[in-house]
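Taking the hints into account, I'd like the entire structure generated from these sequences.
Protein chains: 6
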Amino acid sequence: MDIIKETYEKIKNMEVRGAGRIARAAANALKEYAETIMHLDDEEFKKKILEAGELLRSARPTAVSLPNAVKYVLNGLKDENPKESVIKKAEEFIISSKNATKNIGKIGAKRIRDGYTILTHCNSEAAIEVIKTAYHEGKDIKVFCTETRPRNQGYLTAKALCDEGIDVTLIVDSAVRYFIKEVDIVVVGADAITANGCLVNKIGTSQIALIAHEARIPFLTAAETYKFHPKTIVGELIEIEERNPEEVVEFEGKYKKIKIRNPAFDVTPSQYIDAIITEIGLIPPQGAWYIIEKYFGWIEHEQ
Amino acid sequence: MDIIKETYEKIKNMEVRGAGRIARAAANALKEYAETIMHLDDEEFKKKILEAGELLRSARPTAVSLPNAVKYVLNGLKDENPKESVIKKAEEFIISSKNATKNIGKIGAKRIRDGYTILTHCNSEAAIEVIKTAYHEGKDIKVFCTETRPRNQGYLTAKALCDEGIDVTLIVDSAVRYFIKEVDIVVVGADAITANGCLVNKIGTSQIALIAHEARIPFLTAAETYKFHPKTIVGELIEIEERNPEEVVEFEGKYKKIKIRNPAFDVTPSQYIDAIITEIGLIPPQGAWYIIEKYFGWIEHEQ
Amino acid sequence: MDIIKETYEKIKNMEVRGAGRIARAAANALKEYAETIMHLDDEEFKKKILEAGELLRSARPTAVSLPNAVKYVLNGLKDENPKESVIKKAEEFIISSKNATKNIGKIGAKRIRDGYTILTHCNSEAAIEVIKTAYHEGKDIKVFCTETRPRNQGYLTAKALCDEGIDVTLIVDSAVRYFIKEVDIVVVGADAITANGCLVNKIGTSQIALIAHEARIPFLTAAETYKFHPKTIVGELIEIEERNPEEVVEFEGKYKKIKIRNPAFDVTPSQYIDAIITEIGLIPPQGAWYIIEKYFGWIEHEQ
Amino acid sequence: MDIIKETYEKIKNMEVRGAGRIARAAANALKEYAETIMHLDDEEFKKKILEAGELLRSARPTAVSLPNAVKYVLNGLKDENPKESVIKKAEEFIISSKNATKNIGKIGAKRIRDGYTILTHCNSEAAIEVIKTAYHEGKDIKVFCTETRPRNQGYLTAKALCDEGIDVTLIVDSAVRYFIKEVDIVVVGADAITANGCLVNKIGTSQIALIAHEARIPFLTAAETYKFHPKTIVGELIEIEERNPEEVVEFEGKYKKIKIRNPAFDVTPSQYIDAIITEIGLIPPQGAWYIIEKYFGWIEHEQ
Amino acid sequence: MDIIKETYEKIKNMEVRGAGRIARAAANALKEYAETIMHLDDEEFKKKILEAGELLRSARPTAVSLPNAVKYVLNGLKDENPKESVIKKAEEFIISSKNATKNIGKIGAKRIRDGYTILTHCNSEAAIEVIKTAYHEGKDIKVFCTETRPRNQGYLTAKALCDEGIDVTLIVDSAVRYFIKEVDIVVVGADAITANGCLVNKIGTSQIALIAHEARIPFLTAAETYKFHPKTIVGELIEIEERNPEEVVEFEGKYKKIKIRNPAFDVTPSQYIDAIITEIGLIPPQGAWYIIEKYFGWIEHEQ
Amino acid sequence: MDIIKETYEKIKNMEVRGAGRIARAAANALKEYAETIMHLDDEEFKKKILEAGELLRSARPTAVSLPNAVKYVLNGLKDENPKESVIKKAEEFIISSKNATKNIGKIGAKRIRDGYTILTHCNSEAAIEVIKTAYHEGKDIKVFCTETRPRNQGYLTAKALCDEGIDVTLIVDSAVRYFIKEVDIVVVGADAITANGCLVNKIGTSQIALIAHEARIPFLTAAETYKFHPKTIVGELIEIEERNPEEVVEFEGKYKKIKIRNPAFDVTPSQYIDAIITEIGLIPPQGAWYIIEKYFGWIEHEQ
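Chains as they are written, first to last, in our numbering: chain V, 1 to 303; chain P, 1001 to 1303; chain S, 2001 to 2303; chain B, 3001 to 3303; chain Z, 4001 to 4303; chain E, 5001 to 5303.
Hints are computed from structural coordinates only; laboratory data are not their basis. We put the CB at the ideal spot given by N, CA and C, even for glycine. Treat the hints with caution; some may be incorrect.
[Said to hold, decoys possible] Here are the simulated lysine to any residue pairs, SDA-like style, with alpha carbons at most 25 Å apart:
#	chain 1	residue 1	chain 2	residue 2
1	P	1083	P	1055
2	V	294	E	5239
3	S	2181	B	3263
4	B	3256	S	2237
5	Z	4142	P	1236
6	B	3106	B	3159
7	S	2110	Z	4059
8	V	259	B	3114
[Said to hold, decoys possible] What follows is a list of derived Cβ distance ranges for each label pair:
#	chain 1	residue 1	chain 2	residue 2	range
9	V	39	B	3040	39 to 47 Å
10	V	167	P	1271	32 to 40 Å
11	P	1271	Z	4081	41 to 49 Å
12	P	1271	Z	4247	34 to 42 Å
13	P	1138	B	3099	52 to 60 Å
14	E	5054	V	44	43 to 51 Å
15	P	1138	S	2015	36 to 44 Å
Right, here's the structure in full:
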């Protein structure tokens, strides 16, 4: 149980950070723990592993990838040989998760034709991977990066792509509709995908999706399957975090009476999303529910 | 002709600025000049006034209000008593123009019901007048102001409204769709209105209009009639100015390869505009063409 | 002034009722009053007529047709010979108004092709006139009438059309979308038309218009020009009356805690209206503003 | 076989009524019958159970839940130990079905935020369960109930919710679009769900869905999985029943020539449905087909 | 009266053909006839001219331009000096009509930016003038011409533009949506414009307009004002001619049982038309009604 | 291996043609080959079969049905008894494929109600089967066939249906929107279905789908499951073939400078497709991905 507690602490203390890393740490802890359990009958083994899973899950209740990793591994408990199966499932998850962003890059790059202009928002590792892969396949591409107020993460994306040698143009968030006629495809990342195929992502994403929809430009989101939010399948709503007003403007006294609201994310409805690029393929947003059910086993008929 | 030349210089040197002031200066110059012309027959009078109009118009070729003012006054030349009529037209124009923003405030405020939340963009004198009038009529209102990158004119609007005592919330441009459910009406200003009812206004306006349209929130633009662009009636396109990239981001060497594009305006199509608030009433965008024709006499059947 | 006061009383006491009759009574009173005024110079005549107009207008402040009639007649005061002109305008208005519904019938019937199925809502004299005219021109038509809860005025329409020999089917208000595939055209009446081309009519009209729009079925409203609401051109909103809850359900004690809301009208946006059938022709809803301006002279440039 | 025949009779004679009860009765009959079959080899067992299923299915050919229950249980015949499996499947189905409405309530209530106003139509047990659950979780909610002509089932819903202490407002069916701006979410029940995600429900539902779609208000239907119509997967159309005209209006002779049409249901297309709340989770309407295939095994590749 | 009868015969016998030529011939006949009428008082003059107008109008009842020309000239009868005025109006009409296509070319060419790709349908003189003018202004343009089945008039357009040196690509009518992403603007001609802003033009136009609307590509129609259909303002519907099936396919016996339908025109709704290019300026489709009323005087308040 | 090589040659040389026949030939070759392999352990068997599959797949890299057939059969290699399973899978595939079009006919015909008018495009065996089945079930139907330029395959369809006795009308491709009001349902075939539910079919299909969508007419595509494009699930785009310009027009020298473009297919987005009729049932386009995954096993979690 040491490995479980240790991992629990590291996730809780944010020593382990990032959706992918958290998920893999949890899967690995379950694997190592399972390997140490000897001479127990199946029922006792299951009990111990379930407890371990419970603890890990409680380390960061709001991180989507954590319960997904745990659930994926725990699905092994239903098989005939639970210990073997749990270990195999954990290894499977780790490998798949490690390669996820790279696979997304490969799959997503196939949607980028030579000569395309791509628009992206904020600073998504997966979206950047798609663009870089397309570029390194020799395609002649251009990229529009939005500033992404209030924290200007678009500058990071612009810099990262520019450093690869890609032709990058930075624009303010308000200029998306102005430039959309020059854009061939929109590719963004994801903070979470819900059971009914909605995308929770950086504030501003939903209005870019609306603009792309109006202009009939394909809008794709790049999302590892561990971003698919399991609890939304039983109806849960994702609460949108509101962050510090000082991210928007630093106060200097005289403006004090002006309120500032600073939501970090917004929700893009599924009808504005043409496809979700996951490491296991391109899926329509309406398939999100099936991914949650099939790969993470969240639906129980007996529930 | 002194008054004409003097006014021409002042407009050219930007001593006289602002759409309204430029227009009134031109009208006044024509009036004073007409008053000085004595003992000429009608044809000679017309010739002189037409020359004066030509000169004034050339002072700032891109300002919409200038040719409108000149054309309005010159329409008097068609009447039986051209001198008298030119002077009367000039006076008419000046009074109407002076009261325009105030009248827009009164008319627009009628669209704001008690308890409404209003969203505005950038820093428009006419839109602010609408909001302030509604507030001072005793209506309990709230206002969302967008930052309006890259020059953050939204802060000026927020401050101006806050100073009146109005409840103001500042948001980033990307957050409009997030908050639109709390908004009852959008009111913005106008840089120009085209013959087919489109709105040329600060970059970002067209995406706010799209978002309001999607959410079925009324979108109104407040525009003095001298903002209606006369040449668009004969097909002319309005060119959108691109401004200095440094407005968006100050360069520090290492980012030099990132291009920056900074268009100042965008075009909102007429189908996303519910009404134009002018000083002569609320009109549908499809009526813009009629205003240009009727009040400024731009269409000639013999053309 | 006796005729003015007498007419004022009759309108106020609802002795004279109905949009058309009220309007004609006011026009007639102004005409008769003008005829009695002798030996006055134009300015004094104008003063007296303006006072009379003011009084008449105050008799029923919410009736749209009354200020329209008064304004129409008073426009005569601007002409060279005001007395003559006022009398002529009044006569013009009375004739035009008397024939309005009949002319609407003739114009609207041209939109009904042989074999058409028409859907109508509530109980509009003008809409019925359109349908009856088409039928008596020998066209083979069918009509769907909605019940029009809560007062079931649809039964009156069904009866009126059935008495003419027309094939009528009555349906509940909820069944409009079910039957819309069998419908070729929707024709309804109007309580008021606003400056930006919206239709204020019996509750339920706007959802029928939405359904027709979804199904690409033409939606027409039959409205005499005196139904065009003059004050909306200067921004005024039309308040929607909420009527007695007992129209919806008679109370019997135990249900007392259930609230009932009973708005009498709703507002159909102009984009769901294909054309307005007036006595002076078929106009697009965007032309409503022009009608108010041209025929009733509501816009003053000096305003 | 006695239990099968007895149950067949009870369903046929409507002694057993209601989608859920019929389905459970059939599953239970198959279970009890399976338990009585002894000493038969698998093939003979299968033959007997298939015959029993066939008979039960024929008891009410139009009830959606009946063939679903039978198919669910008969899927056990494919397993290695058919008898055991059939019994297990039957028990599974009964438990799941019994808890279905309660689970729908729990899942659906998660979509209701504190302060929400909900609109519902007709009188659906599942929709009421969602609303009541949200209310008893302590959420401050308001509800609009439509009258639901012609049988006014909306009064029953209003009464049921009012009796719980919920703030209920009753409106006529025509007033939905008028009030939609005050509504945060629409929740209705379902008579049937088709393979391509359409909703068959009380007449009027589809126009409420259209109105919600226009206003961007989420539209949810609460439907137990046994409401998913199996035959639609092989293309079958659901016929809409037309009921007695006297439900709409009682005749009194003179109106006799007016026809009355009274369809009981209409079909809401999937693109107006945001999610289906089932007892096994929230699914997009496009997932309906998968539910039919997976849980009821209706698709056979060899078909 | 000789000139009237002679012109009547020439129009009737199709010696004079083409919308513009017919209209000018009628205007000229009225002018010449008016000039020959001497020594009559105004009432007698009016009577004679009205009779002449009546006769001319009857020469080709379905040609839109003919009644427009007659009405335009006859409007002169309302002026103080009817003879002078009729002659002046006729001259005005002839000059304006002669220059109409050229003016449309100048106005329309302003909407074509350098580098644009234009799509056109069928073989419209006015649309070709717009494209040629833009090209001869030095703009680098490309053109897609549709085949325009069944008579392949697109080949004529392709040839005409190609002969000017323009880069032309011919495509089948079915390929419009495939190529629309490469198109910047659609410009077509007009057979008639209706009072509510619809376009009657060669079969296939309305689906091109729909495709342009879906892709947010501006759709413009080039139409001389004499193409605006006067009778539509009083509700008349334009009947669509069905032409000889052999235009579609030449029969060879064995296919005889296959029916062929061959409508020559279709109707494009106003909401898919961005602007109408007329010789007096660019107007929104909703302004069509105003053109008919103002320039041709078709609406009479007394009607 | 002889049977494999022989089949490879026949497919390559187009001796075996047609999506269905190619697929069945490949499955049969694998079956026969598997039957000849004796005395090998499972690993060696797998290796040989995989090689055979590889070779067959390379015979026609662009035919969708070939890799689907191979993949379907090769899925048997994962089972416990690979040889037996491969043979069984091959037989399954062949039977299912043989009956596919017939089953599609049966399923699709259920969507055709008595009295319906159907529109079809090009010459699809599956779509024709649907129409013929409906007709031979005794339904009174009418059919519109489009010409389908440039090769006029619509004539073949018209003839085929006419020969059955069906009432057929031929129209030009441009007339679809004109006649859509008379159409109850559109049924077309498919060249390929992509993972996100798009339809690749004969040029013109996507604009018919758009027109049907605008008019709210159901649009169905009839597609055997072997038409579902496997590689699209990992992001691949389908390249659209451009064919010989002479299919459009035969050249005669003087037109040589006119370019001709002749794409053979276009892509219909999933939101314009109401359902896909497959031999295993009616599915929503969003289910395409699931079919590819489930029946052909294209997604590997470890990928």
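Hints that the structure is at odds with (numbers, increasing):
2, 4
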